[in-house]
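Novice: Sequence:
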Amino acid sequence: TASAKGAGAGGKEPGLNAVQAMLLECGFAFGATKDERGRFPEGLLDSAAELLRKLSPEDLGQPEPYDGGANVGGIEYTDVYVGGEFTMCMFKLPAGARLPMHDHPHMTVLSKVLWGEMSVHAYDRTLPPQEKTSGGGFMGALATQMRGGPDLSPFEVSAKAPAVWTAKDGVQVTLPDDGNIHEFRAVTPCCFVDVLAPPYDSSGGRRCTYYEIDTKPEGTLLGRPVQCPSDYTTTNTPYQGLPAELENM
1 TASAKGAGAG GKEPGLNAVQ AMLLECGFAF GATKDERGRF PEGLLDSAAE LLRKLSPEDL
61 GQPEPYDGGA NVGGIEYTDV YVGGEFTMCM FKLPAGARLP MHDHPHMTVL SKVLWGEMSV
121 HAYDRTLPPQ EKTSGGGFMG ALATQMRGGP DLSPFEVSAK APAVWTAKDG VQVTLPDDGN
181 IHEFRAVTPC CFVDVLAPPY DSSGGRRCTY YEIDTKPEGT LLGRPVQCPS DYTTTNTPYQ
241 GLPAELENM
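In the numbering used here, the protein residues as written are 1 to 249.
Check before you lean on any hint, since a few could be wrong.
Unchecked claim - Mimicking EDC-like on lysine to aspartate or glutamate, the simulated pairs with C-alpha atoms at most 20 Å apart in a straight line are: (1) 160 x 117; (2) 54 x 169; (3) 168 x 35; (4) 160 x 85; (5) 34 x 85.
Claimed, not checked - Restraint ranges, calculated between C-beta atoms of paired labels, are given here: (6) 236 x 17: 21 to 27 Å; (7) 177 x 215: 18 to 24 Å; (8) 247 x 217: 56 to 62 Å; (9) 28 x 236: 43 to 49 Å; (10) 224 x 200: 18 to 24 Å; (11) 200 x 28: 34 to 40 Å; (12) 85 x 58: 24 to 30 Å; (13) 32 x 216: 37 to 43 Å; (14) 28 x 215: 42 to 48 Å; (15) 152 x 95: 28 to 34 Å; (16) 205 x 64: 37 to 43 Å; (17) 32 x 217: 41 to 47 Å; (18) 95 x 33: 41 to 47 Å; (19) 217 x 119: 25 to 31 Å.
In case anyone wonders, no lab produced these hints; they're calculated from the structure.
Cβ coordinates follow ideal geometry from the N, Cα and C atoms, glycine included.
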C-alpha cells in the first residue's frame with residue numbers, strides 16, 4: 001500500500017460536480033492495459049487520486065462523525081457508484097470496529113479516509129521461487145493458484161509496517177501485489193471511501209476471501225483462508241452526496 005499524489009492538473013470538466021469529475025477520470029484510467037503484475041502504467045492513476053483527495057466529507061454526504069449506536073454491528077456500507085470497470089463505496093465504523101483481514105485479488109484500490117483514524121495491518125503474498133521465475137509473473141502465478149475456484153490452502157505472507165490512516169494522509173493505493181491482504185480497524189469513529197478496479201466478481205476470479213494470520217514455530221507467517229467472521233456485519237445505507245451518475249460510463 002502506498003500514497004498517491006496527483007501529478008495532473010486535478011481539475012474538473014465544466015458541468016460536472018466534484019464527484020462526477022473524479023468518476024470520469026477513474027473511467028479513463030481504469031480502462032488502460034495493465035502489466036504482468038496487474039499494475040496500471042506508472043502515473044496513470046495520479047489525476048484520479050488527486051480528484052479523490054480533494055473530495056470533502058460534505059461532497060460525499062458524510063459531514064458528521066458517526067457514533068455507531070444506530071445499527072447492530074455498528075458498521076454502515078454505502079454504494080456511491082457501481083460500474084463495469086470500477087466501483088466506489090464508503091464504510092463508516094464506530095471506534096473499535098474492524099473490517100476483517102481480506103483481499104482484493106487482481107484488483108487496485110484507491111482509499112481515502114474522510115474523517116477519523118483507522119489502523120491498517122497489511123500483508124503481501126510471498127510467491128515460491130519457482131513461481132517468481134516462471135512465465136506470467138505475479139499475476140500468472142496467482143491465476144494458477146486460483147484456477148478451478150478459490151484455493152483454501154494456507155500460503156506464506158510477509159507483513160507490511162503497521163500504519164494509521166487519517167484524512168491528512170490523502171489517498172492510499174492498494175495494488176494486486178502490494179498490501180493486498182489487509183485489515184482495517186477504527187481507532188476512533190471513522191469513515192473512508194474505496195474505489196475498486198475492477199470490481200469484485202466471483203465468476204471472474206475476484207472473490208473476496210477472509211484470512212487469519214498464523215505464525216509457524218520458525219517465525220514464517222501464513223495467510224489461512226477462513227469463513228467470513230460471524231461478528232462482521234454491515235448495514236446498507238443510501239448515498240446522500242453529490243450526484244454520482246454519469247452517462248455513457
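Novice: State for each hint whether it applies.
Specialist: Against the structure, the hints come out as follows:
Pair hint residue 160 plus residue 117 holds up; C-alpha atoms about 18 Å apart against a cutoff of 20 Å. For the given pair, residue 54 sits about 12 Å from residue 169 by alpha-carbon distance, which is consistent with the 20 Å threshold. With a C-alpha separation of about 31 Å, the suggested pairing of residue 168 with residue 35 is violated against the 20 Å cut-off. As the CA atoms of residue 160 and residue 85 are separated by approximately 28 Å, the hinted pair breaks the 20 Å bound.
At roughly 13 Å between alpha-carbon atoms, residue 34 and residue 85 fall within 20 Å of each other, so this suggested pair holds. Checked against the hint of 21 to 27 Å, the C-beta distance between residue 236 and residue 17 comes to roughly 23 Å, which is consistent with it. For the pair residue 177 and residue 215, the beta carbons lie near 22 Å from each other, so the given range of 18 to 24 Å is met. For residue 247 paired with residue 217, a C-beta distance near 58 Å keeps the hint of 56 to 62 Å intact.
The hinted window of 43 to 49 Å between residue 28 and residue 236 is violated, with their beta carbons roughly 29 Å apart. Restraint check, residue 224 to residue 200: a C-beta distance of roughly 21 Å satisfies the suggested window 18 to 24 Å. Taking 34 to 40 Å as the suggested C-beta distance range, the pair residue 200 and residue 28 does not conform, at roughly 22 Å. Remark: the range hint 24 to 30 Å for residue 85 to residue 58 is upheld by a beta-carbon distance near 27 Å.
Remark: the range hint 37 to 43 Å for residue 32 to residue 216 is upheld by a beta-carbon distance near 40 Å. About 43 Å separates the C-beta atoms of residue 28 and residue 215, a value consistent with the hinted range of 42 to 48 Å. Distance hint check for residue 152 and residue 95: the Cβ-Cβ separation is about 33 Å, which falls inside the suggested range of 28 to 34 Å. Hint check: residue 205 to residue 64, Cβ distance near 39 Å, so the stated range 37 to 43 Å holds.
In this structure the hint that residue 32 and residue 217 lie 41 to 47 Å apart at CB holds, the actual value being about 45 Å. One distance hint, 41 to 47 Å for the beta-carbon pair residue 95 and residue 33, holds here, with the actual separation near 42 Å. Taken as a hint, the range 25 to 31 Å holds for the pair residue 217 and residue 119, whose Cβ atoms sit roughly 27 Å apart.
Consistency note: the structure conflicts with the earlier hints numbered 3, 4, 9, 11.
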